[in-house]
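Participant: Sequence:
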Amino acid sequence: MQWLEEWQRLPYTSPYLDASHLDPRTDRSEKRIVGVFHEFLHLTIQKKTGQKNVSNLRKPLDLPQKFTKVFERHPGIFYVSKKSDTQTVVFREAYDRQQLIQKHPLVDIRARTLEPELQWGIHKRVDQSMRSAIFMTCLAATIYRLWRERNFRIFQHEGMDTNAVTKKVWEEVRALCLFLEELAQIHKEIRALFQLGNPCARVSIA
1 MQWLEEWQRL PYTSPYLDAS HLDPRTDRSE KRIVGVFHEF LHLTIQKKTG QKNVSNLRKP
61 LDLPQKFTKV FERHPGIFYV SKKSDTQTVV FREAYDRQQL IQKHPLVDIR ARTLEPELQW
121 GIHKRVDQSM RSAIFMTCLA ATIYRLWRER NFRIFQHEGM DTNAVTKKVW EEVRALCLFL
181 EELAQIHKEI RALFQLGNPC ARVSIA
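Mind the numbering: the sequence shown is residues 1 to 206 in UniProt numbering, read in order.
Each hint should be verified, as a subset may be incorrect.
[What the hints assert, rightly or not] No farther apart than 16 angstroms at their CA atoms in a straight line, the calculated lysine to aspartate or glutamate pairs in the EDC-like style are these:
#1 K83 - D62
#2 K48 - D18
#3 K69 - D27
#4 K66 - E39
#5 K82 - E72
#6 K47 - D96
#7 K69 - E30
#8 K66 - E30
#9 K59 - D85
#10 K52 - D85
#11 K31 - D62
#12 K66 - D27
#13 K31 - E5
#14 K167 - E149
#15 K48 - E93
#16 K48 - E72
#17 K48 - D27
#18 K103 - E93
#19 K31 - E72
#20 K31 - D18
#21 K47 - E93
No lab work stands behind these hints: they were computed from the structure.
Produce the complete structure using the sequences and hints provided.
Facilitator: This is the structure in structure tokens:
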């Protein structure tokens, strides 16, 4: 408890500022990492995300190795769920037990619009790289659109309604899904040609 009290009194480094001057081995650097993911999870619709998604942010955010230890060291801020063999980082203060305290309108809209597109990627016979591409596109599009909308509302005092924001995210994810579906169909047709022994499908090397 004494360590935690001393840690809380350390200077706060904004997650939006350059932190390259901080020694990654120090408590001050750890406090900055906590601030980064406090902000990141607060910007997500359901105030949680898979730990794999978090790990993928290490290089883009220039974070030190093993930075995910902060989730275990600060159980008052984060909770790591391990249901169904999947680790999920949860922003604890946004939940009352298992329910969101303030349910964002996009939660229901997302279920009606994004989920059918994502289910295609899950259930169709596509390889793991395609599935990862779909989920990463969904994550990136959601973060970008929420970040952009937040900045518009703060600095320009204008913005889109939730339906318009969701539509923008949905359009980006759907475009990728349609591209992958078309690509999968092309691959299927090529395989069929080779199986039939079509001479036009043979590749000749001059």
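Participant: Check each numbered hint from earlier against the structure, then list the numbers of those it violates in ascending order.
Facilitator: 1, 2, 4, 9 and 17
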